[in-house]
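Colleague: Residue numbers (the numbering used here), protein chains in the order written: chain A, 333 to 828; chain B, 333 to 828.
Rather than coming from a laboratory, the hints here were simulated on the basis of the structure. Treat the hints loosely; a few may be bogus.
Any copy will do: because identical chains look the same in the list, a pair fits if it lies in one copy or spans two.
[Stated by the list, open to error] Calculated pairs, SDA-like style, for lysine to any residue (alpha carbon to alpha carbon, straight line, at most 25 angstroms): (1) LYS403 to ASP384; (2) LYS744 to ASP681; (3) LYS554 to SER691; (4) LYS343 to GLU409; (5) LYS417 to ALA560; (6) LYS696 to SER635; (7) LYS754 to TYR779; (8) LYS403 to LEU762; (9) LYS554 to LEU420; (10) LYS744 to ASP412; (11) LYS744 to SER606.
Number of protein chains: 2
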Amino acid sequence: MSKILNKFNLKDERNLSMLMDFYELTMSNGYFVNGLSDTIVYFDMFYRKNPDGAGYSIVAGLEQLIDFIKKLKFTGEDIDYLRSKGILAEEFLQYLLTFKFTGDIYAIPEGTPVFPNEALVTVKSKVIDAQLIETMLLLTVNHQSLIVTKANRIVRAAKGRPVLELGARRAHGADGAIMGARASYIGGVAGTATVMAETMFGVPATGTMAHSWIQLFGDEYKAFETYAKTYPDSCTLLVDTYNVLNSGIPNAIKVSRDVLEPIGMRLKAIRLDSGDLAYLSKQVRIMLDDAGLTDCKIVASNSLDEYIITDLLNQGAEIDIFGVGERMVTAKSEPVFGGVYKLVAVEEDGEISPRIKLSENEEKIINPGYKMIWRLYDKDTHKAIADVITLAEEVINESVPYNIFDPVYTWKKKKVTNFYAKKLQVPVFLKGECVYELPTIEEIRIYCKNQVDSIWEEVRRFSNPHKYYVDLSLELWLVKQELIQRYRNSEEKNKK
Amino acid sequence: MSKILNKFNLKDERNLSMLMDFYELTMSNGYFVNGLSDTIVYFDMFYRKNPDGAGYSIVAGLEQLIDFIKKLKFTGEDIDYLRSKGILAEEFLQYLLTFKFTGDIYAIPEGTPVFPNEALVTVKSKVIDAQLIETMLLLTVNHQSLIVTKANRIVRAAKGRPVLELGARRAHGADGAIMGARASYIGGVAGTATVMAETMFGVPATGTMAHSWIQLFGDEYKAFETYAKTYPDSCTLLVDTYNVLNSGIPNAIKVSRDVLEPIGMRLKAIRLDSGDLAYLSKQVRIMLDDAGLTDCKIVASNSLDEYIITDLLNQGAEIDIFGVGERMVTAKSEPVFGGVYKLVAVEEDGEISPRIKLSENEEKIINPGYKMIWRLYDKDTHKAIADVITLAEEVINESVPYNIFDPVYTWKKKKVTNFYAKKLQVPVFLKGECVYELPTIEEIRIYCKNQVDSIWEEVRRFSNPHKYYVDLSLELWLVKQELIQRYRNSEEKNKK
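Working from the sequences, and respecting the hints, build out all of it.
Modeller: So, in structure tokens, the structure goes:
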């Protein structure tokens, strides 16, 4: 694999710099003409709710964010277009023409389990720099985090059986297919049907036949025979074009006997793509075993997801490999990862001034300030105990017990002992230079598996998972309360 | 607009030829090495169920399919990669190196309302040509049909009020955002936040401010004042950063009085992005009207879709413009358009031999043969009465009554009179050459609106719509029954 990866790591040469929301331009122009261009700001990208009622999510998409920022650049054609909108100052347009991202970015590495309200990405930069990357930052991290999270659920449901990603045809555009296959692979699928996910990212691509192969020949036996003769050492036959038990399996067994076995080859697998997969797979297993094909695998596909796979296995389905399409590549059960990008601090006279956004909804009030996220692990089990969000300058002393408390129900307290603490974010860009060495996709995939294993099983449950602690340090909590109070007071004043 | 469109119609220069399922390569190689390369086949792309339980869908994505096929070409690097897989014949790889699509494609134009089991695209070509375009054909038509269908529902729910597309940050990758904005515009939205949808497709892009603008200044009035001075003739203010009624609206009114009105300008709009939109919009309307700002529009956003918009309007919400994000760009309520691509006929000795795929599920049995779809319109109302699928060579005689009957419940019959018939598919490629003149996006958008208007209101209902007739001609029905019988008989034989 890694040979192919190195040799065929094709790049996406598109310039996506203009993939932004127009308000980023009106705001940036506004900052520029009002002399605020050099204001240093802090933005956090975080989310508020795990999809599918899960206990955690997994972050991905950082590699594409890095690629975007490295290539960020406005062409003369872009500037001509922007000028034609008639509302942006000419000096600002000239500024854009030589614009380059010069800020710092900290991020949680791809494949890490994450929790609501944690900053997956933090940007510290001049305000225009931070504003112009907003859409692509959200888009790529939201999309791939959505898919890796879903794929990992599906892979876990399969309990060790390989899962193949087959969703390109139902994906939301070419990137939906390619990046979806990338994220699924990080989440643990064994391979993909999408060829370009291999040429771009080294995700192993495989495939055998569609119903059209069988229909073309008209005669199912003739179709199977021709395929077996063409691919004797990797023969997987699709058996549900006409009738699985009366036609598909009898023909597959006949081809195995007449074509493969005489030349010392084995029928590798059969694939079911419709019908009652639990019932059919059990009947097929018996028929194959009776024919001496105990080593022939059964592949099943047809609108599968973690819930249906769990049901199938509970019913004793004899399925060795799952093919999963639309429900993984679109995260059908909840197709939105709701990451947001919020200003949390502004530098004023060299001081970091925290900023807040209130809301009618208590949970939607953001955590202000420049912060760090820590994960506390048990020294013996190496399981994650809790995450703590602190101000950036705080240090967690591992040698003394650490008191955590719920940021809303503050009487909920817990003393953590026998732990070590790990910072979740790592530096990615410093002063506009990428300082992060990209891991290979295989490394991310293994890291993801290990990190998911560090989460307690109760938190990993598909339904009604145990709530993992993500608490605020006392210092941060006080900063937040003070800011909330300040704005509440000014509202009261307005009312008078 | 059209000036910008012509001037900045940026092209996507990616080569997506390798965006295919690997089985297309194993099958194509199989056809090649077995001397079947020149076999002429017919494939239909159709779908089985309208998303959201709707009465119809709208097709889109043809422009991107055409672009893909025009550029379809395998590079030396692609061939090197394919060779490294170790299972494709060298002669086949050489064949791919000079491969060019040489077939015919017929398709239903973008923006047309369509119904289950109708071929949105039909491909007649050599089998390898038809096979290699499968994934991109499905991907682009499935994706954009999904979004245009959803967007049109949301636009219809807004009952004439403009809808803006704001979903890029939650889209599934860059194409999800850009093509999503394109499809939404065809479906009737007034514009998008996504800049690149304008530079690539001429979709009008607009935007004003995010919460970060207000947070940066710390003081809401100061933030509004600065914005109003920067954009006096297009001033829209976001009023929910701290508190809409106690802070946002009082500050907006003050800015209007102190900054805009003295220089003869008007506050264009305010935007609500959280909270109880029905309640807040009504209160805000009163406050604005009391301040003499009766012309100030109210824009509302926050996880809207056709259901919530309908509810808001039923509750008398005073909203003039809707901003819709994630629920449109991901078609959240049902994020999959389930188009499939099925072999329906093969040429044998110059004769078209229809092919079928059976299924345990009656509705999943495909319509075999090379076919045409006709829409019958009432001569007086110009409303669509029914669609009829016929064999390609059939002609519908408009001068005599036409008998249609349900393909499953054949006793359900209807005699159609006073009608004219229109073929839905048009030629797009003939012998590999594109013969279709691409309409502009504005033309497609207007065409879509007119075509949707030709559908009876009962079919357009969001829930429990009236079922539109899509019937088979007697000739086609007989071909289908004959094929089903033939395979059922051969199954019986296998059982013995």
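Colleague: If a hint holds in the structure, say so; if it does not, say that too.
Modeller: Hint-by-hint comparison with the structure:
1. Taking identical chains as interchangeable, the C-alpha atoms of LYS403 and ASP384 are never at most 25 angstroms apart, the minima being 35 angstroms within one chain and 40 angstroms between chains.
2. Taking the shortest Cα distances, LYS744 and ASP681 never come within 25 angstroms of each other, neither inside one copy (38 angstroms) nor across copies (80 angstroms).
3. With identical chains, the CA atoms of LYS554 and SER691 are at most 25 angstroms apart between copies only, with a shortest distance of 20 angstroms across copies and 67 angstroms within one.
4. Taking CA atoms no more than 25 angstroms apart as the test, LYS343 paired with GLU409 passes in both settings, with 23 angstroms inside one copy and 12 angstroms between copies.
5. Taking identical chains as interchangeable, the C-alpha atoms of LYS417 and ALA560 lie at most 25 angstroms apart only when they sit on different chains, with a minimum of 18 angstroms there against 61 angstroms within one chain.
6. Within a single copy, LYS696 and SER635 get their C-alpha atoms only as close as 35 angstroms, which misses the 25 angstroms cut-off; across copies the closest is 14 angstroms, which meets it.
7. Within a single copy, LYS754 and TYR779 get their C-alpha atoms as close as 15 angstroms, which meets the 25 angstroms cut-off; across copies the closest is 58 angstroms, which misses it.
8. Proximity of LYS403 and LEU762 under a CA criterion of 25 angstroms is satisfied intra-copy only: 16 angstroms inside one chain copy versus 40 angstroms between copies.
9. Proximity of LYS554 and LEU420 under a CA criterion of 25 angstroms is satisfied inter-copy only: 21 angstroms between copies versus 67 angstroms inside one chain copy.
10. When the C-alpha separation of LYS744 and ASP412 is checked against a cutoff of 25 angstroms, the pair qualifies neither within a copy, at 57 angstroms, nor between copies, at 61 angstroms.
11. In this homomeric assembly, LYS744 and SER606 never come within 25 angstroms of each other (Cα to Cα): the closest approach is 50 angstroms inside a single copy and 29 angstroms across copies.
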